[in-house]
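Colleague: Starting from the given sequences, assemble the full structure and let the hints guide the process.
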Amino acid sequence: NAGVTQTPKFQVLKTGQSMTLQCAQDMNHEYMSWYRQDPGMGLRLIHYSVGAGITDQGEVPNGYNVSRSTTEDFPLRLLSAAPSQTSVYFCASSYSEGLSPLHFGNGTRLTVT
Amino acid sequence: AQSVTQLDSQVPVFEEAPVELRCNYSSSVSVYLFWYVQYPNQGLQLLLKYLSGSTLVKGINGFEAEFNKSQTSFHLRKPSVHISDTAEYFCAVSPLREGAQKLVFGQGTRLTINP
Chain A
1 NAGVTQTPKF
11 QVLKTGQSMT
21 LQCAQDMNHE
31 YMSWYRQDPG
41 MGLRLIHYSV
51 GAGITDQGEV
61 PNGYNVSRST
71 TEDFPLRLLS
81 AAPSQTSVYF
91 CASSYSEGLS
101 PLHFGNGTRL
111 TVT
Chain L
1 AQSVTQLDSQ
11 VPVFEEAPVE
21 LRCNYSSSVS
31 VYLFWYVQYP
41 NQGLQLLLKY
51 LSGSTLVKGI
61 NGFEAEFNKS
71 QTSFHLRKPS
81 VHISDTAEYF
91 CAVSPLREGA
101 QKLVFGQGTR
111 LTINP
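For the protein sequence lines, the chains are A and L, in the order given. Just so it is clear: in the first sequence, position 99 is 99 by the working numbering, and no numbers are missing. Just so it is clear: in the second sequence, position 81 is 81 by the working numbering, and no numbers are missing.
Honestly, the hints are just simulated from the structure, not real lab data. In this text, a Cβ means the ideal position worked out from N, Cα and C, and glycines have one as well. Be aware that a few hints might be false.
What the hints assert, rightly or not - With the Cβ distance kept under 10 Å, some of the chain L side facing chain A (calculated, not the full set): (1) Ser9; (2) Phe34; (3) Gln42; (4) Gly99; (5) Val104.
Claimed, not checked - Computed from the model, here is a short list of chain A residues facing chain L with C-beta under 10 Å: (6) Val4; (7) Pro39; (8) Gly42; (9) Leu43; (10) Glu97; (11) Gly98; (12) Ser100.
Modeller: Written out as structure tokens, the structure is:
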């Protein structure tokens with residue numbers, strides 16, 4: 001049981017490039033989400049999904065796109081990277097909405113130059 | 001809207017000493033409260049949570065926290081720390097209607113245990 005798997009672990013992009021951060025979970029969790037972690041600011045919610053085909057915006061969605069075509073996968077797309085998107089990105093999942101706790105992946109460290 | 005303030009960005013303590021990590025929150029509605037721990041180069045793990053009932057909650061690794069509604073605080077304590085407790089600790093809240101998923105996090109407190 002791998003839990004929540006994020007790839008890649010590290011990535012360096014130039015301004016304007018695009019890329020997709022991958023997130024997969026093998027726990028049959030309905031709820032998945034993306035957070036970014038910046039020094040001194042804690043984690044902030046970017047996008048979330050309550051099930052396949054359903055996504056919604058969190059606190060800081062600008063510059064990011066998501067889709068949820070399967071229960072297992074929830075990729076995060078940066079269409080045109082900016083230096084302000086330099087951050088550590090965490091994917092999290094839970095069995096369902098309600099009181100199920102979040103399970104986090106180990107993160108992707110992204111640097112945009 | 002909700003906000004969470006962790007009053008100390010860094011807390012150094014000696015091994016076997018007690019520790020308290022402070023967390024205050026602001027919210028116009030009732031909230032659930034959480035503490036998460038992040039060990040180096042890992043994701044966050046749930047340490048403990050307050051959903052309802054007794055205001056003193058116990059978590060993993062000997063940690064406990066007390067919910068104080070009048071002071072809007074949820075401080076984390078451990079009576080005797082170990083080197084392995086070195087990590088970053090995050091306090092988080094979520095409005096009752098949002099369940100345990102849409103968390104608002106504090107800035108984090110880096111706990112360093114010295115031998």
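Colleague: Decide, hint by hint, whether the structure agrees.
Modeller: These are the hints, each one checked on the structure:
Given hint, Ser9(L) at the interface with chain A, holds; its Cβ is 7 Å from that chain's nearest Cβ, closer than 10 Å. Against a cut-off of 10 Å between C-beta atoms, the interface hint on Phe34(L) holds, since the closest Cβ of chain A lies about 8 Å away. With 10 Å as the threshold, the beta carbon of Gln42(L) comes within range of chain A, its nearest partner Cβ sitting at about 6 Å, so the hint holds. Interface restraint check: Gly99(L) against chain A, minimum CB-CB distance 5 Å, threshold 10 Å, status holds.
With 10 Å as the threshold, the beta carbon of Val104(L) comes within range of chain A, its nearest partner Cβ sitting at about 8 Å, so the hint holds. With 10 Å as the threshold, the beta carbon of Val4(A) comes within range of chain L, its nearest partner Cβ sitting at about 7 Å, so the hint holds. Residue-level restraint check for Pro39(A) holds (minimum Cβ-Cβ distance to chain L is 9 Å; threshold 10 Å). For Gly42(A), the interface hint holds, the least distance from its beta-carbon to any beta-carbon of chain L being 4 Å, beneath 10 Å.
Because the beta carbon of Leu43(A) sits about 4 Å from the nearest beta carbon in chain L, less than 10 Å, this interface hint is met. The interface hint given for Glu97(A) holds, since its Cβ lies 5 Å from the closest Cβ of chain L, which is under the 10 Å cut-off. Contact between Gly98(A) and chain L, as hinted, is supported at the beta carbon level, the nearest pair being about 5 Å apart and thus within 10 Å. Nearest Cβ of chain L to the Cβ of Ser100(A): about 6 Å, under the 10 Å cut. The hint holds.
When held up to the earlier numbered hints, the structure conflicts with none and fits them all.
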